[in-house]
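Asks: Each chain, letter by letter, is given below.
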Amino acid sequence: MARIIVVTSGKGGVGKTTSSASFSTGLAMRGHKTVVIDFDVGLRNLDLIMGCERRVVYDLINVVHKEATLNQALIKDKHCENLYILPASQTRDKDALTEDGVEAVLAELIKMDFEFIVCDSPAGIEHGALMALTFADEALIVTNPEVSSVRDSDRILGIIQAKSRRAQSGGEPVKEHLLITRYSPKRVEAGEMLSFEDVQEILRIPLIGIIPESEQVLHASNQGNPAIHFTGTDVAEAYTDVVSRFLGEEVELKFTDYEKPGFLKRIFGAK
Amino acid sequence: MPKSKLQKPIEIKISTVVAVSAIMYTSDLVALDAAMHEMTGGVSDFFEGDLAVIDVGDLAPGCERIDWAATIALLKKYRLNPVAVRNAKPDMVEEIQQHGLQLDSGKREEAPVPAPKPAPAPAPAPAPAPTPAAPAFSGTMIIDTPVRAGQRIYARGGDLIVMAVVNNGAEIIADGNIHVYNTLNGRALAGASGDASARIFAMSMSPELVSIAGVYRTFEDGFPTENARKPVQIRLKGESLDIQSVNSAK
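Residue numbers (numbering that gives the first Met the number 0), protein chains in the order written: chain E, 0 to 270; chain R, 0 to 249.
Do not rely on the hints blindly, as some may be mistaken.
[What the hints assert, rightly or not] With the Cβ distance kept under 10 angstroms, some of the chain R side facing chain E (calculated, not the full set):
no. : residue
1   : P89
2   : V146
3   : Q150
4   : N184
5   : G193
6   : A195
7   : Q243
8   : N246
These are computed hints drawn from the structure, not numbers from a lab. Please read these numbers as outputs of a predicted model, since none were measured by experiment. Backbone N, C-alpha and C define an ideal beta-carbon position, used for all residues, glycine too.
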């Protein structure tokens, strides 16, 4: 049974697209047939981060408007056998997305035997974000450890509870997961950043992972290669753990404690 | 894009209308006019066409004879827009309706008379005893999930009990009391339709705003530290809100 997962946050710039890219790549690397859809119509980014921007011919809006078939619009990922990308349109606006159209696209993807359908939501709580979350079975709530991001995540959780199909049909509610990104244990220690416990205390949903703040993310974006591919880095390891937890495995939480650099490390510099 | 919603010719939804209460102590038009003039300071758009509910429950004895046409005209002159009458005596009803006003029965008139007496001091907050364990519809609304930023919950005509957190940016409103068996960080407005005996209880609070019967208080400099992270009750004493640790209540 296919699962539709929305990656959302309310606030912009917290790492939704980065997380969507690595999360869907991670699922595909584990052998699951996965598609990631960019709902940020008009401001598409996902294709850049996935490194397929030059291969975009048709997009989500074309499919919604039946100007292209789904097969024409789906882009096969260059690294992963099982991963497909459905890009957003750069030239249209979000109102071009209709609820019926999105539903039809999702139904067709399910028919094509995709196991996971990852919806990369735009920022905000407007039409585009609503379209991304309406049909979700599960939600990854991407939150930075600072008050405004937490407040916006709280708001989007309320919207999921009110506006999603699952909520409106009175069925089982959307399963929520908290993904904390850009976490810096050092700054938490210094009291400059909320701890993950603080964030959880406010949002009260299960934590699926913590992604440490890292320069690697920027490198990855610039190269058009999802951060999870950079084996050996903290970020890649953290996203791999998120995928494992999502698939039901128990993995210990990492990157939460700040270790003061030891004497040698201070002399020779951190890696 | 046309959504199915837009194609419906009409939709009926619950909505809350804000109206002011015009509580009349006299029916003497001259006295009323003078008082209104003084209150508004002669500013013609003081009320900006606010809806008004005329409350005649506290009329002084001997003033029960009301010239409705003139009273309505008087309020309209000060840009109040009377829509209903509250606490009307049965013999006034016909005349009120003739003047196009509604009767506001106000559920609290039926309930509070027996209710506040049997449950006066809810001493230990965790015990949910103070809410009358009515077998049928008790008018109490119970919320089990977190109330999140941007959400607003209104318990019309009764108490509101929230078992989960009320986060910053959320708003909980009740015509009766508000109980939060968790942390209250948003806005809480009890006695929303004027019940001054309503109270707010929370296991711990750091609210943005609390209000009882329209008397409100914000906490720009933070919640009083002596009551922070403790079970607290808030009630209206005179014109100010009294914040008390539940444990200190007798």
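Asks: Next, verify each hint and record whether it holds.
Replies: Verification of the supplied hints:
no. : hint : in the structure
1   : P89  : 43 angstroms, violated
2   : V146 : 8 angstroms, holds
3   : Q150 : 5 angstroms, holds
4   : N184 : 8 angstroms, holds
5   : G193 : 29 angstroms, violated
6   : A195 : 31 angstroms, violated
7   : Q243 : 25 angstroms, violated
8   : N246 : 23 angstroms, violated
In summary, the structure is inconsistent with hints 1, 5, 6, 7, 8 from the numbered list given earlier, while agreeing with the others.
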